[in-house]
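Asks: Residues per chain, in single letters:
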Amino acid sequence: MFKKVRGSSLAYILILPAFALILIFTLYPFGRALWTSFHRINPVLPGNPFVGFSNYTSVFSSYYFVKSLRNTLIMIGFTVPIITIMSIAISRLLIENFYGRGILRPAVLIPWVIPSAITGLIWQWLFNGSYGAINALLSRMGVISDYIPWLTEVLTAKFAVMVAFIWAQLPFPIILMLAAMTAIPSDLYDAAKVDGATAFDSFRYITWPHIRTMAVIVIIYETLTAFTSYSIPYAMTGGGPGTATSMISYYIWSLSFDQLQFGKGAALAAIIAGLSLIFIFAIIKAIPSEIMLEEE
Amino acid sequence: MTEEQERMISRRDFLKRSAGGAAALAAISSGIPVWGQDKTSLDFAVWSYGIQTVLDNIDKFEETYPDISVKLHDFPWTDYRSTMVNRFRNQTSTDVLYNGGDWLPEFALAGWVVPLERYFPRVEEYKDEIADYAISEMTYKDKLYGLPYYADLITFMYNEKILKEHGINEPPSTWEELKEDSMKLKEEGMKNPIMYEVAEDLPNFLSAFWSMVYGRGERPFNEDNEPVFNDPDHAAYKQLEWFTKSLNDWDLATYLSHETEVAPAMGTGEHAFTILYNYNLAQLNNPDANPRAGQFRLGLMPGNEQHCFGFAKMYSMSQMAAQRGRGVRDAAWKFIDYFGGKVDGTYKVSKRWAVEKGLGFAQLPLYDDPDVRDAWSSWVDMDRYREQAEIAWAPTRTSWYGAWSPFMRSQMMQAIAGEISVGRALDNAAKRWDELKEEYTF
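Chains as they are written, first to last, in our numbering: chain A, 1 to 296; chain B, 297 to 738.
Don't take every hint at face value.
[What the hints assert, rightly or not] Now the in silico label distances, taken between C-beta atoms and shown as ranges:
1. Tyr361(B) x Leu104(A): 53 to 59 Å
2. Ala107(A) x Glu601(B): 55 to 61 Å
3. Asn465(B) x Trp125(A): 34 to 40 Å
4. Thr349(B) x Arg70(A): 17 to 23 Å
5. Gly52(A) x Glu601(B): 44 to 50 Å
6. Asn544(B) x Leu109(A): 40 to 46 Å
7. Trp125(A) x Asn544(B): 24 to 30 Å
8. Tyr230(A) x Thr388(B): 21 to 27 Å
9. Lys487(B) x Leu104(A): 37 to 43 Å
10. Ala282(A) x Lys480(B): 54 to 60 Å
11. Lys437(B) x Arg70(A): 40 to 46 Å
12. Trp125(A) x Asp547(B): 21 to 27 Å
13. Gly714(B) x Ile95(A): 47 to 53 Å
14. Arg669(B) x Trp125(A): 32 to 38 Å
[Claimed, not checked] These stretches of chain B come out as covered by chain A in the derived footprint (C-beta under 8 Å, 3 or more residues):
15. 356-369
16. 401-409
17. 713-727
I should point out that these hints are in silico values taken from the structure, not numbers from a laboratory. From the three backbone atoms N, C-alpha and C, an ideal C-beta is built for every residue, glycine too.
With these hints in hand, go ahead and build the complete structure from the sequences.
Replies: Shown next, in the form of structure tokens:
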């Protein structure tokens, strides 16, 4: 039967299954969400009237939107660089031959297998202001005299949530970095040693050029993950104190499922999708062009 | 016909068997007894609390009614309302469910739950034995939509031993007295005498706030369901100011985001006062769970009037169950009657929750039940509880309350953090109430 199909027609037929999946699971939901964002959708109320851009203007003018977006950007600004740098440092250590490496390598993956809601609960207990282990430890070490209310003060709550997020996120970037470092030929390091290169020189001139593409992938991935972070902040602080740890993803959930304003929730989701795209383009634009060119 | 042909299924046979199978599947999923499956099935949705007890109660129910099988679906408390909205919206099979007074008007307006008395006039017989505030919680447009799963109060609790050690012999009866006592405790070394349960995603947070407002003797809405809480002279305004000052200015209070954290925090002896769902007092005074068990007492809610928030959670029947036919409706009634009503002359299931978990109850005869009194005597002064229950107020419930509550909580959180003033938070909440009222009135 394929004899009758010629040229580009065959190509179209072959990509049809993949296109159908994308249509069903990506394009249709996205289109539906866009449609929803221009209507008032409340499951309790009759009708779905068209409301134009009012859902968008309502979201943009909301104090809560500004606040939660700012919190999310702060989270990205602090956690993504730390995760990237720590993953490189830990991978560099783990690539070396040392006693116990066989145990340590799988051990760093432990946070990855713990569901994020459980991670939030674990850290909530650790940071608990009345009976948390961190306060107990600091107190026994003589670092603090009074227990710190980690989760009910603005700055300490932000700090605690970021620590938990970094802890939960680290394993995957470590795996990526380890994979990139493993691919570096060891004779390059041997040659550098013969030439009298320091450890810093080896990292700068051998390791970094080989892992920088992976570093970009980690930055993009972690930026998007932080953008949609939800479980950890909410398990730890419920968004508080005040709105100090309220994230934009919670605002989408709250608008849609708590306040039953599915139109506004969809408008916010569309805004976030647009912002995510801008982020990705900005990151790619900021990367030195030779990194992108070497992949082509 | 050859042996091989006999083994092969004909197209017609295939269609027949497929249609038969599909019909059986449809019948099973709709709860209609089919050949070889003579049970009526019920889908029962709950929030995750005491699941082992729920399952055990279901087993006992199924032993009593062997022709009915019950499938349990449980969801986290904080996500329960949104989960149920989506289940109903998507017509996910749900026959009987936990329901709350705060969601009842919304669910009833959408036609997702049905009044019990429309199908089961016998439910009327229970009304005389159920506390008024609980009846109010289970009623929408003069129709009763459920029988109580439990009913409880949001109460003021204190550590009697700590107070006495500091020369405070009586619990505070007004907010001014609470401030004075807390100041005294703070001066004598206790950093945060008051512990609250506060989290934006937690409906309890707002309910506890209303309980404090009721203590002052005012309701947040007038008889026409118009907001009055944003008037600076109103109890709610004064109470939110008191609340934020206790946290930020006087530094007398702190908070945790869930009652399960508050109870162990109270057990550290670092706090003397809290306001929680009353069943937490059972946990506070449980020697297996708290090193300071036996020290905690129930006090009447501070304020001039000392009312508190009384609420009921109920078993409701869904519209889906009502539409599935008489067999399912009858099974649903047997279920609701067994769980929320009387079995062999006693409120068996409600009594079990009260005795084993300390859950409050709406059924008045249980106040005099010797088993309940005996179990409760180890953790609460039953007469004090009854005194508080008799002056408990059922909160205002409207079809838009469920959608408004998260907005109000977000405004309160911003006021607590000092991001906006109390006045602005309450004005914003009142404005949102008016918008929703207009939207939901059609």
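Asks: Give a verdict on every hint.
Replies: Results of checking the hints against the structure:
{"no.": "1", "hint": "Tyr361(B) x Leu104(A): 53 to 59 Å", "verdict": "58 Å, holds"}
{"no.": "2", "hint": "Ala107(A) x Glu601(B): 55 to 61 Å", "verdict": "59 Å, holds"}
{"no.": "3", "hint": "Asn465(B) x Trp125(A): 34 to 40 Å", "verdict": "36 Å, holds"}
{"no.": "4", "hint": "Thr349(B) x Arg70(A): 17 to 23 Å", "verdict": "44 Å, violated"}
{"no.": "5", "hint": "Gly52(A) x Glu601(B): 44 to 50 Å", "verdict": "48 Å, holds"}
{"no.": "6", "hint": "Asn544(B) x Leu109(A): 40 to 46 Å", "verdict": "42 Å, holds"}
{"no.": "7", "hint": "Trp125(A) x Asn544(B): 24 to 30 Å", "verdict": "25 Å, holds"}
{"no.": "8", "hint": "Tyr230(A) x Thr388(B): 21 to 27 Å", "verdict": "23 Å, holds"}
{"no.": "9", "hint": "Lys487(B) x Leu104(A): 37 to 43 Å", "verdict": "40 Å, holds"}
{"no.": "10", "hint": "Ala282(A) x Lys480(B): 54 to 60 Å", "verdict": "57 Å, holds"}
{"no.": "11", "hint": "Lys437(B) x Arg70(A): 40 to 46 Å", "verdict": "44 Å, holds"}
{"no.": "12", "hint": "Trp125(A) x Asp547(B): 21 to 27 Å", "verdict": "24 Å, holds"}
{"no.": "13", "hint": "Gly714(B) x Ile95(A): 47 to 53 Å", "verdict": "48 Å, holds"}
{"no.": "14", "hint": "Arg669(B) x Trp125(A): 32 to 38 Å", "verdict": "36 Å, holds"}
{"no.": "15", "hint": "356-369", "verdict": "violated (count 0)"}
{"no.": "16", "hint": "401-409", "verdict": "holds (count 3)"}
{"no.": "17", "hint": "713-727", "verdict": "holds (count 4)"}
When the structure is compared with the earlier hints, violations turn up for hints 4 and 15 and for no others.
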